[in-house]
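Quick mapping for you: the protein sequence lines, in order, are chains A and B.
Per this note's numbering, the very first residue in the first sequence carries number 1; after that it's consecutive.
Per this note's numbering, the very first residue in the second sequence carries number 1; after that it's consecutive.
These aren't lab readings, by the way, just hints derived from the structure by calculation.
Please note that the accuracy of each hint is not assured.
[To be verified] Below, computed lysine-lysine pairings styled on DSS-like, alpha-carbon distance capped at 30 Å:
(1) A:229 x A:361
(2) A:361 x A:325
(3) A:229 x B:87
(4) A:325 x B:87
(5) A:229 x B:86
(6) B:86 x B:97
(7) B:86 x B:35
(8) B:87 x B:35
(9) A:229 x A:325
(10) B:35 x B:94
(11) B:87 x A:361
(12) B:87 x B:97
(13) B:97 x A:229
(14) B:97 x B:35
(15) A:325 x B:86
(16) A:229 x B:94
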Amino acid sequence: MALAAVPAALLARRVGPGRAAAVGLAIFAGAGLACGLADELSTLILARCVQALGGAAAVTAALELLPATVGSERRAATVWAAAGATGAALGPALGGILTELVSWQSIFFLQVPVALIAAVPILAVARHEAATGVIEPELRRTGRPHLWANLALAMVSAAIAAALFLLVLLLIEGWRLSPITAAIVVSVMPLSALLGARLTEYVADARSRAAAGAILVSGGLAGLAFLPKATIALTIPPQILVGVGLSLVLSALTETALGGRAPQAIHGGWTISARHAGVVIGLLALTPIFTADIDQQRHDAINAGTAVILDSPVNPLLKLGLAEKVSERLEEEKGKVPTIGPAFEPLPDNPAERAEVEQLKGELQDQLDRGATHAFSTSFILAALLGLIALFPIALSKEVEL
Amino acid sequence: MLVIGAIVASLLLVGAYLAAGGSSYEPEQVQNPCKPRPWSNPQTLGQIANQFTNSALDGAACKLGVSREALARALATPEGRERFAKKYGIDDEKLAKAVRAGLLRAVDDAEEAGALSPILAVPLRETLRNIPLEEAIELIHNGRKLLSNVEGFLGPAGSIIEQFLP
């Protein structure tokens with residue numbers, strides 16, 4: 001998507017936005033079907049690449065089509081930017097729900113009718129373009145992309161990618177929540193993004209909105225880095241900050257990048273490229289860090305857990321049985337923080353021993369949970385720093401009135 | 001105004017989480033097994049067996065240059081022992097010798113802590129020194145049997161040991 005957005009926008013200018021959007025949506029739908037039917041990873045990746053080409057064409061062409069619907073280029077830029085911000089926040093939550101309730105393939109199957117339905121009203125525009133075949137020559141001129149706004153978009157997108165993907169990973173891999181529960185938990189972000197979209201209406205200055213958004217995203221990420229306990233409730237305040245922040249910053253920077261520049265599709269393409277490049281760079285930079293951290297924390301947590309078992313007052317023979325079962329669970333759930341509850345079943349009949357084992361179970365799970373939570377801290381802090389560094393290009397960016 | 005609000009909200013959240021101990025997590029440190037582990041005041045034979053087992057694991061782990069926790073996991077299952085042998089390059093013979101040495105240290109620790117009378121410590125040491133290597137290997141192949149033996153040789157002496165409890 002990062003690579004395809006600007007060429008796709010250029011193509012949209014050449015063939016007309018209606019035709020580009022219609023063809024793009026058809027490619028997106030077809031490739032989505034291929035993704036859902038893919039039986040191996042290489043096929044899925046290939047189909048996703050094709051889907052990105054179609055998506056890039058449709059999304060950038062949409063920016064050219066919107067002014068006719070919403071009345072002005074400025075309003076079109078606002079609607080387009082808000083849609084992008086909401087989509088970014090909504091994706092992980094919706095994906096998690098579908099994965100749990102149906103299957104991961106259903107995410108792609110659902111995209112097919114959605115894309116085709118979206119293509120229906122565009123067909124009339126496409127037919128008109130095909131009939132007239134005229135693309136106004138002055139619209140082919142392209143100005144330079146807005147460097148600072150796009151740079152800030154890339155940095156903030158890297159930070160937001162961390163918030164979305166790392167939090168989902170923490171909830172599922174670290175705290176062992178089911179995908180649907182994780183999806184419900186992270187739905188706080190899109191709901192907060194809607195609140196952020198309302199704030200946008202009250203503050204006209206895009207630079208202030210962008211700066212406030214970047215600060216809120218960084219503050220939320222720092223909150224996630226310093227979670228005092230492995231509790232869902234404690235993830236909610238940071239998510240509210242990230243959700244409101246991402247809505248403010250993405251829309252403000254996109255509007256700034258598009259402000260006074262023509263053609264909109266090309267500059268919209270640059271913002272899409274910047275955002276997706278930011279996501280890729282963020283994940284590339286942070287994944288090795290948190291992977292190494294989670295390995296180290298898992299190792300530490302296993303040692304700490306074993307120490308808890310050994311130091312407990314439980315009878316040595318009972319301890320050995322527990323150590324055996326806990327070892328088995330650690331092996332079964334290699335790469336994940338295990339649920340060690342089943343290792344403690346059945347509980348001893350003797351009430352005193354039972355109480356000791358219950359306490360031991362709590363202590364051991366606490367060690368594992370805290371270790372898993374801490375494993376994500378460095379990545380969240382780095383992501384928060386990225387959000388703060390984005391304040392520099394935001395400060396340098398100037399909005400040009402349309 | 002919006003920027004100030006964002007700064008205040010962020011600082012409040014981070015401050016509250018830090019105040020609640022958000023940055024204080026440190027995984028429980030694994031103790032050096034060569035350092036003596038203090039014996040708490042054991043009141044029953046079961047508590048003595050517990051501390052004896054921990055001391056024995058410390059002693060064996062110290063001899064092998066590994067943590068007590070890693071050794072305990074190795075002794076828990078045959079797969080654990082295989083992984084341990086592969087990771088540390090320690091074969092069954094070396095492991096059995098270390099376990100024997102660990103049991104001897106446990107007797108020393110118990111005696112030093114005043115939990116075991118010298119009258120009992122001397123024959124116990126003698127018994128442990130004389131465990132044949134094959135039998136020691138057999139013991140590490142079956143952690144349950146190893147612990148039963150710990151309880152076994154404490155067991156018959158239990159009533160006497162209990163008389164010597166502080």
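Review point. Going back to the hint list, which numbers does this structure go against?
Key: 3, 5, 13 and 16
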